[in-house]
Each structure stands twice: as C-alpha cells, then as structure tokens.
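Participant: Note that the protein sequences, when read in sequence, are chains A and B.
For the first sequence, this note's numbering gives the first residue as 1, with consecutive numbering after it.
For the second sequence, this note's numbering gives the first residue as 1, with consecutive numbering after it.
Worth flagging that the hints you see were computed from the coordinates, not collected in a lab.
Careful, some of the hints might be misleading.
To be verified - With the C-beta cut set under 8 Å, the calculated list includes, among others, these residues of chain B facing chain A:
id	residue
1	Asp271
2	Phe298
3	Asn350
4	Asn356
5	Ile524
6	Leu525
7	Leu529
No residue lacks a Cβ here, since even glycine has one placed at the ideal position from N, Cα and C.
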Amino acid sequence: MHINPLEQKWLYVSLAMIAIFLGSIFLTAITKGVHPPSHIETIDSASLHLSGEFAEDKLGVRQQPDGSLRVTLVAARYGFYPNHIEIPADTPITFRMASVDVLHGTHVPMTNMNTMIVPGYVSQITTTFPKPGDYPMLCNEYCGMGHDHMWSTMTVVAKENWHGVAKADNLGEKP
Amino acid sequence: MTDSAARRFVLDHFWIAFGAFGLACVLGVYQVLERSGIISALQSPAVYFASVSTHGVLMAFVLTTFFIMGFGYYVATTSLRMPIWNKGFAKAGFWIALLGTVMAAIPLLLGKASVLYTFYPPMQAHVLFYLGATLLVVGSWFWCVVMVVMLAQWKTAHPGETVPLPMFATTANAILWLWTSLGVALEVLFQLLPWAFGLVDTVDVGLARTLFAWTLHPIVYFWLLPAYIALYVFVPLAAGGKLFSDELARVSFVMIMVFGLPIGFHHLYADPQQAAGWKLWHGIGTFAVGIPTLLTAFTVVASLEVAGRARGGKGLFGWIGALPWRNPMVLAAILSLLMLVLGGFGGLVNASYAMNAMVHNTAWVPGHFHLIFAGTVITMYFAIAYHLWPRLTGKRLFSESMATLQLWCWFIGMVILSTPWHVLGLLGQPRRISSVTYNSLLTLAWKPYELAMIVGGLVLMGSAVLFLYNLFKTQMEGAAERDLTVSYAEALHPVGRLPDVLNGFRVWNGVILLLMIVSFGYPILQFFLLQTHNPSAWGY
Numbered sequence: 001m002h003i004n005p006l007e008q009k010w011l012y013v014s015l016a017m018i019a020i021f022l023g024s025i026f027l028t029a030i031t032k033g034v035h036p037p038s039h040i041e042t043i044d045s046a047s048l049h050l051s052g053e054f055a056e057d058k059l060g061v062r063q064q065p066d067g068s069l070r071v072t073l074v075a076a077r078y079g080f081y082p083n084h085i086e087i088p089a090d091t092p093i094t095f096r097m098a099s100v101d102v103l104h105g106t107h108v109p110m111t112n113m114n115t116m117i118v119p120g121y122v123s124q125i126t127t128t129f130p131k132p133g134d135y136p137m138l139c140n141e142y143c144g145m146g147h148d149h150m151w152s153t154m155t156v157v158a159k160e161n162w163h164g165v166a167k168a169d170n171l172g173e174k175p
Numbered sequence: 001m002t003d004s005a006a007r008r009f010v011l012d013h014f015w016i017a018f019g020a021f022g023l024a025c026v027l028g029v030y031q032v033l034e035r036s037g038i039i040s041a042l043q044s045p046a047v048y049f050a051s052v053s054t055h056g057v058l059m060a061f062v063l064t065t066f067f068i069m070g071f072g073y074y075v076a077t078t079s080l081r082m083p084i085w086n087k088g089f090a091k092a093g094f095w096i097a098l099l100g101t102v103m104a105a106i107p108l109l110l111g112k113a114s115v116l117y118t119f120y121p122p123m124q125a126h127v128l129f130y131l132g133a134t135l136l137v138v139g140s141w142f143w144c145v146v147m148v149v150m151l152a153q154w155k156t157a158h159p160g161e162t163v164p165l166p167m168f169a170t171t172a173n174a175i176l177w178l179w180t181s182l183g184v185a186l187e188v189l190f191q192l193l194p195w196a197f198g199l200v201d202t203v204d205v206g207l208a209r210t211l212f213a214w215t216l217h218p219i220v221y222f223w224l225l226p227a228y229i230a231l232y233v234f235v236p237l238a239a240g241g242k243l244f245s246d247e248l249a250r251v252s253f254v255m256i257m258v259f260g261l262p263i264g265f266h267h268l269y270a271d272p273q274q275a276a277g278w279k280l281w282h283g284i285g286t287f288a289v290g291i292p293t294l295l296t297a298f299t300v301v302a303s304l305e306v307a308g309r310a311r312g313g314k315g316l317f318g319w320i321g322a323l324p325w326r327n328p329m330v331l332a333a334i335l336s337l338l339m340l341v342l343g344g345f346g347g348l349v350n351a352s353y354a355m356n357a358m359v360h361n362t363a364w365v366p367g368h369f370h371l372i373f374a375g376t377v378i379t380m381y382f383a384i385a386y387h388l389w390p391r392l393t394g395k396r397l398f399s400e401s402m403a404t405l406q407l408w409c410w411f412i413g414m415v416i417l418s419t420p421w422h423v424l425g426l427l428g429q430p431r432r433i434s435s436v437t438y439n440s441l442l443t444l445a446w447k448p449y450e451l452a453m454i455v456g457g458l459v460l461m462g463s464a465v466l467f468l469y470n471l472f473k474t475q476m477e478g479a480a481e482r483d484l485t486v487s488y489a490e491a492l493h494p495v496g497r498l499p500d501v502l503n504g505f506r507v508w509n510g511v512i513l514l515l516m517i518v519s520f521g522y523p524i525l526q527f528f529l530l531q532t533h534n535p536s537a538w539g540y
C-alpha cells in the first residue's frame, strides 16, 4: 500500500485536531462535571399529576431540605406549568420536568438550559443563570398543532434581590 | 452501459428522485414564506406541519433512496462491466419502493401523517404512512442485495484482482445502508406498526427514540457516499488530472462505514432516557468519523491541485485559477467542498457533548443540515446528473452554461438561506415552529433573518427549476452525443494488489457487529429491565 508523506502528515494533523476536541470535552466533563441531561428515571405520564412531586400543588420553585433550589414543571399541550417561575441568578437550579402527553422539549434562549421531555421519563437538569432578566422558556420539540404557542416565562432575579421562595409556595412541602 | 433497457431503468430512478426533489423545493419556498408571517393568508399550522413532514420525507427518503439506487446500478454495470444481476429482482425492488412512496405520500399530503420524517411517537400517523415508509426501505434492500451479489460475482470471476474503487464504495454504501436501516426497521416492525394497527395500546418512546437514533446518523452517510464517490472518481478526471490516492479513498470509505454506525446518540444528547456515559462513548465515535471526511477533503483538493498544475497553474494558489471552473463537475466539487468546510464546523458544535445544549433543537440544526445535505450532497447529485444524462439518454447536455449558472445559484441561495438560519438558532429560535407567537422582545431580533431566508428560498427554487429544465430539454431535444464512454479517474499511483481488508467487507461486518453490540446492546436492553410506563397514542 502506498501512502504519500504529505498524506501521512495530514493524517497526523487530523488526529491531533480530533484529540484536541475530544480532550476539551473530557476535560470539562471530568473537572467541571459538564454533562447533558441523562437522568434515567421512569414515570407514568398518565397519572403523574395525581400525586407526588408533579401534583399541581407541588409544582414550581421549591427549596429543598438541604437549601438547594428545585423547579418542578409539567409539560402538557400547550404550556409549561406553572407558566411563570422566579429564580435567583448565580445559583444552581435543578429542573425536574415530565410530560403528561407527547414529546416536548425546552430551552431558554442564550443559556445552556436545554432538554428533551420524553413521555414516560423524568428530565432532570441542573444549571446556573448568570444574567438577571426575563427569559422565555420555549417548547422546542414539535408536539402538535398548537406547538407554536407552547412557552412560559422565567424571571432571573439578581442574587442580592432574591428573598427566597415565597412562603405560599412552600405550603404543603414535607421535607 | 450499452444495454438501453438498463439505461432506461437508471433514468426511471433518477426521474422519481428529481421529481420528488422538485415538489419538495416548492414546499420549501412555502415554508420560509409561512414561517416569516409576512403573508397572513398563508398562516396555518396544519398546512405547515403537513408540508414540513412531506418536505422531509421527499428530500431525505425519496430523493436520496431513488438517486442512490439508480447511481448504484450505473456504477455497478459500468465499473464491473457486467449486466445488472437478476433484472426482475431489481425491478421488484424499484416497484416496491415506488409503491411505498405513493402509499406514504397520500396521508402526508392529506395532513394525516404530520409527525415529521422522524415519526415522533406517541403522536400517531395514519397506518398507511408507516406501511409506505417500510416498503420504501424494503425496496431499497433489494438494491443492496443486487450490489453485494454483483461484487461477489465479479470477485469470483476475477480472483486476486482489485475491485474498482467506485464499486468498492458503492458496495460499502449498500452494506452500510443494510446496517443503518435495521434500527428504524425494528422500531417500525415491533413498535409502530403493531401500535398503529391497534394490536398494542402503548409505545415506549424512549426505546423508539433509541432505535431511530441508530438509523439517524449513518443515514446521512448513506446520502453522502455517492457525493464522495463523485469527488473521488469523476472530479479529478473532469479537472484533467488523476486521483491522488486510491488506497486512502478506500480507507476513508471503510472508516465511514465502521465509525458512522455506532454513534447515533449524539442525536439523543438532550434526552433523559440514556445515560451520560453512553452519550460520551457515542460522542467519541462522532469525532472519529470526522477523520475520513478530513482525509477526503485532502485527497480531493490534492487531486485538484495536481490537475491545476498540469493545466499550467503556478505558485501557491495559481493552480486554483487554472482549474476548469466552467466544467459543472469541477465547479460543483469546489462549491460542495466550501459548504462542507462551513457545515463541518457547525457539525463540530453539534457533536460536542456539552456545547450541543446551546444549539439543540434550535434553528441552528436545520441550518447545519441544509448546508451539508442540501448544499454539499445535493450539489454533487446535480453534478452526477449532468455527467450521466448524456450517457444515459445518448443526447448532449442541453446547456453547460445553464448548468454552471444553476450550480452557482444553488450555492448562493444555500448561503443566503442557511447563514440566517444558523444565526436564528444562536438567537434562540426553536426549529419546527410554524410562526412566532412568543410575546418576548427577543423575537424582534429574529425578523430580518426570517426575511433573508425567503430570498434564499426563492434563489434555490429558481436554481431547481433550471436544473430540471436542463435535464428535461436534454432528454427531449438534445443533439446526439457521440462520446458515450464511461470513465473513472485513474490513481496517480496505480493500485497493485490490495490486502483483503481493502478489497472486501467480511472483516468489517464483524467489526461493525461488535461495535453495534457494544454501543447499542445495553442501551436497548435497559428498556426491558427498567419499569417503563408507556404512553398511548395521541393525535396532533
């Protein structure tokens, strides 16, 4: 087999490029824990709204016993419930989302909050929003004729202006 | 190809492919117009999503499958100098695929299958849609069998000889497609069809998405390989040179086949039903499959440089100007490679395990695949059509200058269409919306880009009309073409005897089997170990 020396050099350059790309992915994955949402957890779409964390009175922003913040959302044609949430900036927020009907997905533009919401599975994603402001939270997966209208809003409040989860929101929370 | 019936057979495939292409282009223009919202009478989610589903199926399944089958028969008969093996069998494949296309088209056009070309359970389409899609794939399997048998027969008749490169690559594609289509076939046969017929009530969406992801990546290589074949065997010759390396071309085809398959989870990075480790594993393979494309780019550019210098081009870049830019094949290759560089860069972003979160399901993604598929791949399909039409019809190409104009229009239109599309994605616009209803200031920034996309769409439509018109006029009124010889580029260094691994696929099938078991074994098995709760069917 004949390999031209130029080809050989190009092959090394190609391998080096691929190594750099993969190296940076592994570096951020291992040292900073940057992973895509991959929480294999099943749930029954047909009954999730009847009890447990996805029941209507349990949805929204909650402070966990360990002080961390959790946002529980239901995705259903055509909206995310509750349809407005308020969270502090520079604070890790864990979203837990489930669909009661078909495939959905959501992303918040200009941030790395982006996940599919697959019926039968819970989507869990933790991220931090550095910039305060009003953000739309858009359904990004075709879910039917009303898909264009499926969105909700999220207000990110500067950390110093954040006064904690409203009391009313925490009613019924059992640690 | 001396047998006129065989030429007719190849032309039939091409006309179905390009007919589907023409119709899908019209739908594309409608979609950019509808999406921009400038003509309120056009606004209709029902029509839009039926249109997007049809556009996707026509472009990605019908155009590609028929084109690839036709091109494969042409390459097999001309490079091996053999008639089509078992013509009746090949014809059966053609008719089954055509029947499937018609069966799927009816519910699609009636808005009874607006589930997009990715199927998207638990939304349920009309059962005819799933049956039609299945028959289209089954028809293509007939073609795969013909390719594999013809290669085997040739090797038996020519022991120890090296298989011609175009046929080596075409057979690689046939085998790749058999492996690729197995994923979606399992999904349709064991999940969607029993469910659409009402035999079972529910469908495990996680499993369905996993099986579809099996198919979803390598299918793009099934589409891409004919373009690469043209880059390797037609372009150097059209430029007046030789292929820089035959062996490395084979290495590239084998690498695409082996690494292209076990990497589908980069489509599932944002999905909750697969673990991070598996996604990372598929991510590694996704980057590895970039290597054969980097090699291809090198070999094709090197071949062009050899040709440019032979034509008197001097200096570091002088050879580029010396290339025959008015030759459709050479022009297509240059434009195609340009789009491959841009699209490849975008692909690196999508492939990046974590960075993908910034673009997943945004307008960036259709921007990316239009640049690579509608840009790089389809541009080479055009060039192949211009190259083969005289050889298939016996008529001289109606207008070579119209062909080069058409290629430039397609390139310019694609740049105007896909650049704003990428920007819209970075500005957070979701893909797959029919209108912008969000009451957010952000959407004001989207407007100019949506308008630019209309211009791109119209330029592309004009280019598509020129393409079809040129082919039609050639066939109907072209002057008789005297030179019907079929030739493929010779290698700079004549290929001697090659090791078996670069002259056949036995070993590689074993390697693929192993990699597929490693990459998909447990991720599929887990759905039978998990306690899953499967949803029932929904309309849309």
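Participant: Look at each hint and say if it fits the structure.
Facilitator: Hint check:
Interface hint at Asp271(B): satisfied, since its Cβ lies 5 Å from the closest Cβ of chain A, which is below the 8 Å cut-off. Interface restraint check for Phe298(B): the shortest CB-CB distance to chain A comes to about 5 Å, inside 8 Å, so the restraint holds. The criterion of a C-beta within 8 Å of any C-beta in chain A is not met by Asn350(B), whose closest approach is roughly 12 Å, and the hint is violated. The interface hint given for Asn356(B) is met, as the beta carbon of that residue sits about 7 Å from the closest beta carbon of chain A, less than 8 Å.
Hint status for Ile524(B) relative to chain A: violated, with the closest Cβ pair at about 13 Å, above 8 Å. Violation of the interface hint for Leu525(B) is found here, the shortest Cβ-Cβ separation to chain A being roughly 13 Å, above the 8 Å cut-off. Nearest Cβ of chain A to the Cβ of Leu529(B): about 11 Å, over the 8 Å cut. The hint is violated.
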